[in-house]
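Using the sequences provided together with the hints, build the complete structure.
Number of protein chains: 2
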Amino acid sequence: MTDDRSPADADALRRLEAHYAGMPPAAAMDLRVRDWDGERLALAAPLSVHVNDKGCAFGGSLASLMTLAAWGLVTLQVEAAGLDADVFVADSEVRYRAPLFADLVAEARLDDDASWQSFIATLRARGRARATVQATVPLPEGGVATQGRLRYAAILRTPSLPG
Amino acid sequence: MTDDRSPADADALRRLEAHYAGMPPAAAMDLRVRDWDGERLALAAPLSVHVNDKGCAFGGSLASLMTLAAWGLVTLQVEAAGLDADVFVADSEVRYRAPLFADLVAEARLDDDASWQSFIATLRARGRARATVQATVPLPEGGVATQGRLRYAAILRTPSLPG
Chain A
58 MTDDRSPADA
68 DALRRLEAHY
78 AGMPPAAAMD
88 LRVRDWDGER
98 LALAAPLSVH
108 VNDKGCAFGG
118 SLASLMTLAA
128 WGLVTLQVEA
138 AGLDADVFVA
148 DSEVRYRAPL
158 FADLVAEARL
168 DDDASWQSFI
178 ATLRARGRAR
188 ATVQATVPLP
198 EGGVATQGRL
208 RYAAILRTPS
218 LPG
Chain B
58 MTDDRSPADA
68 DALRRLEAHY
78 AGMPPAAAMD
88 LRVRDWDGER
98 LALAAPLSVH
108 VNDKGCAFGG
118 SLASLMTLAA
128 WGLVTLQVEA
138 AGLDADVFVA
148 DSEVRYRAPL
158 FADLVAEARL
168 DDDASWQSFI
178 ATLRARGRAR
188 ATVQATVPLP
198 EGGVATQGRL
208 RYAAILRTPS
218 LPG
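Line by line, the protein sequences are chains A and B.
The first sequence begins at 58 in this note's numbering and counts up by one.
The second sequence begins at 58 in this note's numbering and counts up by one.
Calculated from the structure, these hints are not laboratory results.
Accuracy of the hints is not assured; some may be wrong.
Identical copies look the same in the list; a pair holds intra-copy or inter-copy alike.
[Claimed, not checked] Pairs of lysine to aspartate or glutamate, EDC-like flavour, derived with a Cα cap of 16 Å:
no., residue 1, residue 2
1, Lys111, Asp160
2, Lys111, Asp87
3, Lys111, Asp168
4, Lys111, Asp143
5, Lys111, Glu198
6, Lys111, Glu96
7, Lys111, Asp141
8, Lys111, Asp66
9, Lys111, Asp169
Okay, here's the thing in C-alpha cells:
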C-alpha cells in the first residue's frame with residue numbers, strides 16, 4: 058500500500074481488509090490490499106495458495122481475485138460518497154491470455170466509458186446503480202495474464218430510523 | 058455419484074478427484090464429484106466454505122467451481138479417448154442470476170452446438186482443439202443461480218519416446 062494516503066483512505070482500506078478477512082472464501086485466498094490510489098484498487102495473493110496442476114495460477118483463483126478487487130473498488134466509492142449499499146456482481150467476462158507463474162495481482166478500475174460521479178448520482182436518485190469495472194492481472198515481465206470486464210449492481214440499504 | 062457407472066468411469070473419477078485434491082486452490086474449496094453420467098459432470102462444495110458477506114455463495118467461488126467442473130468434463134473426454142493433453146481455460150462469461158443460499162453444485166456439459174466426436178477428431182488430427190462448455194449452478198428450489206459459458210483449449214502432450 059502507498060504511504061501517502063489520507064487517514065480516511067486508511068480507515069476505508071482497513072474496513073475493506075477486515076471485510077475480506079471475515080469472508081471464508083476470501084480469507085482462504087490469503088489476499089491483501091496492495092495499492093489504492095483513489096481510482097485503481099490492486100489486490101495481491103501468493104502463487105503457492107493458487108497454483109494449479111501446471112505450476113501456474115489457477116483460472117478460478119484469478120477470476121475470484123478480480124471479482125474481489127472489482128467489488129472492493131465499487132464498495133470504496135460507495136463509502137467515500139457517504140452511502141450504505143449492498144454491492145453484487147451481476148456478470149463477468151474473463152479472458153485468460155497468458156499463464157502466470159508468479160504471485161497474483163488483480164487491478165480494478167472503472168470502465169473508461171463510465172464515471173463515478175454519475176454512478177453515485179444514480180445511486181442517490183434511484184436507490185440503485187450499475188458500474189462496469191475493468192480488471193487486469195499483469196504479468197511481472199510486462200503484458201497481461203488475465204483480463205476481465207465485470208458488472209456490479211449497488212442497491213442502497215433501507216436506512217434505519219433515527220433513535 | 059451414481060453407483061451404476063463402469064469400472065473405467067470409476068477409475069477416471071478417482072483420478073479426477075485426486076487431481077482436484079492435489080491442487081491447493083481446489084483442495085481449499087472442499088469440493089467433491091457429485092455426479093457423472095458420461096455427458097454431464099457435477100461438482101459440489103459446502104456453502105459454509107464459500108459464503109460471502111450477504112450469507113449466500115461468493116461469486117468467485119461459483120466461477121471457480123464452474124471452471125473446475127468444465128475443466129474436469131473436458132479432461133474426462135480426453136482421457137476416455139485414450140489421449141494425453143493439457144487442458145486450459147481460454148475465456149469465460151458468467152451471469153449471476155439469483156443468490157444461492159445453499160450448498161454449491163456446478164454442472165458442466167458440452168455446448169449444444171458442439172460434439173465430443175469432432176473435438177476428439179480435431180485434437181487427434183491437429184494436436185489441439187477447442188471446446189465450449191455450458192456450466193450451470195442450479196437453485197435448490199428450481200431455476201438457475203449462475204450460468205456460464207467457458208471455452209477450453211486442449212493441447213496434446215508430446216509423447217515420450219518408448220523405452
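A quick look at each hint next to the structure:
Taking the shortest alpha-carbon separations for Lys111 and Asp160, only the intra-copy value of 15 Å comes in at or below 16 Å, while the best inter-copy value is 29 Å. For a Cα distance limit of 16 Å, the shortest separation of Lys111 from Asp87 qualifies neither inside one copy, at 21 Å, nor across copies, at 20 Å. For the homomeric pair Lys111 and Asp168, neither the shortest alpha-carbon distance inside one copy (32 Å) nor that between copies (26 Å) is at most 16 Å. For the homomeric pair Lys111 and Asp143, the shortest alpha-carbon distance between copies (8 Å) is at most 16 Å, but the shortest distance inside one copy (37 Å) is not.
For the homomeric pair Lys111 and Glu198, neither the shortest alpha-carbon distance inside one copy (19 Å) nor that between copies (38 Å) is at most 16 Å. Within a single copy, Lys111 and Glu96 get their C-alpha atoms no closer than 34 Å, and across copies no closer than 25 Å, so neither meets the 16 Å cut-off. Proximity of Lys111 and Asp141 under a CA criterion of 16 Å is satisfied inter-copy only: 14 Å between copies versus 42 Å inside one chain copy. Proximity of Lys111 and Asp66 under a CA criterion of 16 Å is satisfied in neither setting, with 38 Å inside one chain copy and 24 Å between copies.
Neither within a single protomer nor between protomers do Lys111 and Asp169 lie at most 16 Å apart by alpha-carbon distance, with minima of 34 Å and 29 Å respectively.
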